[in-house]
Amino acid sequence: MTDLLKLSGVHTHIGRYHILQGIDLTVPQGQTTMLLGRNGAGKTTTLRTIMGLWQASKGEISLAGMRIDSRATPDIALLGVGYVPESMAVFSDLTVKENLVLAARDGPLDDAQLDWIFGFFPALRRFWLSRAGSLSGGQKQMLSIARAIIEPRKLLLIDEPTKGLAPAIVMALIECLKEIKRKGATILLVEQNFFAARELGDNVLVMDNGTIVHRGEMAALAADVPLQERLLGLSLEAHQ
Amino acid sequence: MMILSGDPPRSRVLTLVLVLIILALAATPFLFPGAKALNVAAKICVFAALVASYDLLLGYTGSVSFAHTMFYGIGSYAIAIALYGMGPNWAAVATGIVVGLPLAALLALAIGLFSLRVAAIFFAMITLAVASAFQVLASQLSWLTGGEDGRSFQLPELLRPGTVLISKNLFGFEVNGRILTYYLVFAISAVMILALLRVVNSPFGRVLQAIRENRFRAEALGFRTVFHLTYANCLAALVAASAGILNALWLRYAGPDTSLSFSIMLDILLMVVIGGMGTIYGAIIGATIFILAQNYLQSLMGVASKAASEAGLPLLPGLLHPDRWLLWLGLLFIASVYFFPTGVVGRLRNRGGDKSAGTSH
Amino acid sequence: MTELAANDPLPKPKRDIAPILLPVALALVVIPLVGSPSTWLTLTAASLAMGMMIFIMASGLTLVFGLMDVLNFGHGAFIAVGAYVATLVLAPFAASIQADSLWTNLAVLAPAALLSMAVSGALGLIVERVLILPVYGQHLKQILMTTGGLIVAEQGLYALWGPQIIPMPLPTSLRGSFIFGDVAIAKYRVLATLIGLAVFIAIQLVLNRTKLGLLIRAGVENREMVEALGYRIRRLFLGVFMTGSALAGLGGVMWALYREQVHASMSDDLTVLIFIVVIIGGLGSIGGCFIGAILVAMVANYGGFLVPKLALVSNILLMVAILMWRPRGLYAVTSR
Ligand SMILES: Nc1ncnc2c1ncn2[C@@H]1O[C@H](COP(=O)(O)OP(=O)(O)OP(=O)(O)O)[C@@H](O)[C@H]1O
Ligand SMILES: [Mg+2]
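Protein chains in written order, with the numbering used here: chain A, 1 to 240; chain B, 1 to 361; chain C, 1 to 336.
Hints may contain errors.
[To be verified] Quick look at which bits of chain A chain C covers, simulated, 3 or more residues with Cβ under 8 angstroms:
hint : stretch
1    : 82 to 92
2    : 196 to 205
[Stated by the list, open to error] Think about it this way: if two alpha-carbon atoms lie no more than 25 angstroms apart in a straight line, the pair counts; the simulated DSS-like pairs of lysine-lysine are:
hint : chain 1 : residue 1 : chain 2 : residue 2
3    : A       : Lys6      : A       : Lys183
4    : B       : Lys36     : B       : Lys306
5    : A       : Lys97     : C       : Lys211
6    : C       : Lys211    : A       : Lys140
7    : A       : Lys58     : A       : Lys97
[To be verified] Just the calculated beta-carbon pair ranges, DEER-fashion:
hint : chain 1 : residue 1 : chain 2 : residue 2 : range
8    : B       : Asn39     : C       : Gln261    : 54 to 60 angstroms
9    : C       : Lys211    : B       : Phe340    : 39 to 45 angstroms
10   : C       : Leu106    : B       : Leu316    : 34 to 40 angstroms
11   : B       : Ser202    : C       : Asp16     : 42 to 48 angstroms
12   : C       : Ala198    : A       : Ser8      : 56 to 62 angstroms
13   : B       : Leu316    : C       : Ala321    : 48 to 54 angstroms
14   : B       : Val13     : C       : Tyr136    : 57 to 63 angstroms
15   : A       : Gln55     : B       : Glu148    : 49 to 55 angstroms
16   : B       : Asp257    : C       : Leu106    : 27 to 33 angstroms
17   : C       : Trp103    : A       : Gln55     : 54 to 60 angstroms
Since the hints were derived computationally from the structure, they do not count as laboratory data.
For every residue, glycine included, the Cβ atom is placed at its ideal position computed from N, Cα and C.
Can you build the whole structure from these sequences, using the hints too?
Written out as structure tokens, the structure is:
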């Protein structure tokens, strides 16, 4: 099993603030790695640093063995990294279709791929020509994920996809991500919802104060309630 | 150190230069005879205070205002109109002050509150628009402002050149009303600069800098940024209006060219950048360099231009013509923002080994 | 996964038409104040022509603001440069300008306008690379650098052409008015309105019908996400910047012909108007810019007729009123 993504000793400063303080992590090929942690732990900052949206001030980031830490965001995206940001960042002035047209860099939209996406997100078909800004929060999240998977990507970075969604939609979203996993995707997934994390994760990383404080298998963490309480200040039972 | 509010120049060369400038300004009436030298020195004093007040906005809050000359103009016009209308007496001077300063502060408050309500990115543009509207207004209300001609007026008896206070045979120098006016300008400017130094080194000043660094974070820390920024705007406007009063008193005149025009705004920007943003001391250095250059270098350009045209060189006579003074200033300005963003003061401080001072943001 | 049943009606795309109604309402409100209908028509035609010229000059600026958060205080320089460059063509061919034939006139005017656009666009390239790129992302320095650039450009024009006002006579066939009953509408104003409309439609088509346009609109809303999708937005920005500069140059030529004179200081007054337009339209919004330009021109024309002394001040009042209503301008399209 090879590591698709590897961060070693990554530091990130935002302005004068030292946010990431030496991150070491790996994301194995073909697996889903969960990134957990309290609010403000630095999860979003980690994803943004990988994406080149913040510049790492120290350390190495490599994708499939290639250094990417000094590359510009578009170049990193072109290497096959898809990003679903915490804010979803759909282009609200554009239609659903136009959002996906922009996401499909390699040319016209591929019908087979579209049908596959419509399979889990029928709402996108229904609102195909509506402004993305008029979609509901859940539909925007679907559009944001659809944008990232409209073309095959080597690596998906997904930031809190279940944030603010109704339980039923969370379940559907989990099914969708499982389906994406089955197609062989490699995912680095930030999640606050422990249930979703347990369902989806193969491996888990826990962050606190800008460093990784735990790494291991998701199943092991899910089974170890005291460890969860220590790392995340919550228990699985409380969140079911 | 009390008088400097615990914020000394922090560089030996800088201290030396500042001391030299201040001594020279203090002794100008006796060291450099002639009206021109005294005019230049008075202008340096006025602009040092004006630029320092602008530095409070630009250097300490990071907001670019193009309305600073408007406040300067309000002060100038207030005193000029009062003295013109009420005659050369102290009551008129007092009226000018009592009307001019609150007017400037109120306008700054209005602009501040309004701009803070809208997106921050609009601030510079809004101030530019307001300032240009004010300029048009001033030239159109000619019954009040004298229009393009401005207003000339007489000073109270005590401040007139004809008033001999200490006759020549006492010290070998004659001290007249003109020299008294000069020292009035000098002293009030100095007090204002020291007061600004105190403001920026107070807890209030440090909040302003926190806002400049990261407004979002400052808000998260619980500072009422709206209050702080508006307050800074009003303070800066008050000092600018006071500088305008001094300027009008010195010139015995207020008009669009000397107190309202956009080119004064550019001069202020140049001085603050050349001197060093966010240092207050930079205002003194910037004003001195700029005004000396303006008064003495410009005539040099004339000589060079004439020489070039006599030598039959193409283009150069036009480029070196004294009227193209601003062209070179513009280039200098771009170069200084690009290469010396910390200005003279920042440079001198960094040279002195104190690397933490004057970082650019 | 559908939280909406399949037969729910589609949510209607909400169209925000209040801003569009604003100039119409303003035009109607002033009818009784102006009194004479023919004067009103003349003033309205003048407003449209002036508005279109301002729109042409401002359109590039608003996109540049919206797309990259770049504050270009030197935009006015492109206007003046455009106008001066046009004199390079128009002066030697003064005879063709005076000829009473539309085609002869246009044969000189069109190349002059194209040359102006080319030079302004090229200058835009230099300004972007030299003044804006080095201070990218730093508003304060952007303002300072571009203000410096404006001074240098203005003074450079004075050095090259001298400080005097250069006359720029309108071609003979564009002089005079179309007369409808007792209403006279200047021919040049009709032409200016048509060109402005053409530019507006062209920009709208590019923005709405091409992938490039989609990218610009997406970039105005969220630059980072466009980059995260793999597009190099800097190049796109340079293209937009140059196009905006070229359009400002075109606007400069049109404005100079309108005033029949060229002077480097024309950029100062226009800069203020353009800023007001960009602010009230909403940064990055072409539609808002279009409406804003018409509003500013209406206020200038109606206001100039009704209360001549307060023309510029009334624009400030307009800006204040609109920002009180919508603090981010008529159309807020950026996510900032
Ligand atoms: N633009 C910024 N400027 C200053 N500080 C920032 C900025 N963005 C994030 N931070 C700080 O960095 C730290 C980590 O933030 P980050 O968004 O990475 O946390 P997170 O783990 O994603 O939290 P959450 O679960 O709430 O999304 C926080 O303390 C935050 O305040
Ligand atoms: Mg986060």
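Evaluated hints:
no., hint, in the structure
1, 82 to 92, "holds (count 5)"
2, 196 to 205, "violated (count 0)"
3, Lys6(A) with Lys183(A), "holds, 22 angstroms"
4, Lys36(B) with Lys306(B), "holds, 23 angstroms"
5, Lys97(A) with Lys211(C), "holds, 12 angstroms"
6, Lys211(C) with Lys140(A), "holds, 21 angstroms"
7, Lys58(A) with Lys97(A), "violated, 40 angstroms"
8, Asn39(B) with Gln261(C): 54 to 60 angstroms, "violated, 36 angstroms"
9, Lys211(C) with Phe340(B): 39 to 45 angstroms, "holds, 43 angstroms"
10, Leu106(C) with Leu316(B): 34 to 40 angstroms, "holds, 39 angstroms"
11, Ser202(B) with Asp16(C): 42 to 48 angstroms, "holds, 46 angstroms"
12, Ala198(C) with Ser8(A): 56 to 62 angstroms, "holds, 57 angstroms"
13, Leu316(B) with Ala321(C): 48 to 54 angstroms, "holds, 51 angstroms"
14, Val13(B) with Tyr136(C): 57 to 63 angstroms, "violated, 33 angstroms"
15, Gln55(A) with Glu148(B): 49 to 55 angstroms, "holds, 54 angstroms"
16, Asp257(B) with Leu106(C): 27 to 33 angstroms, "violated, 43 angstroms"
17, Trp103(C) with Gln55(A): 54 to 60 angstroms, "holds, 58 angstroms"
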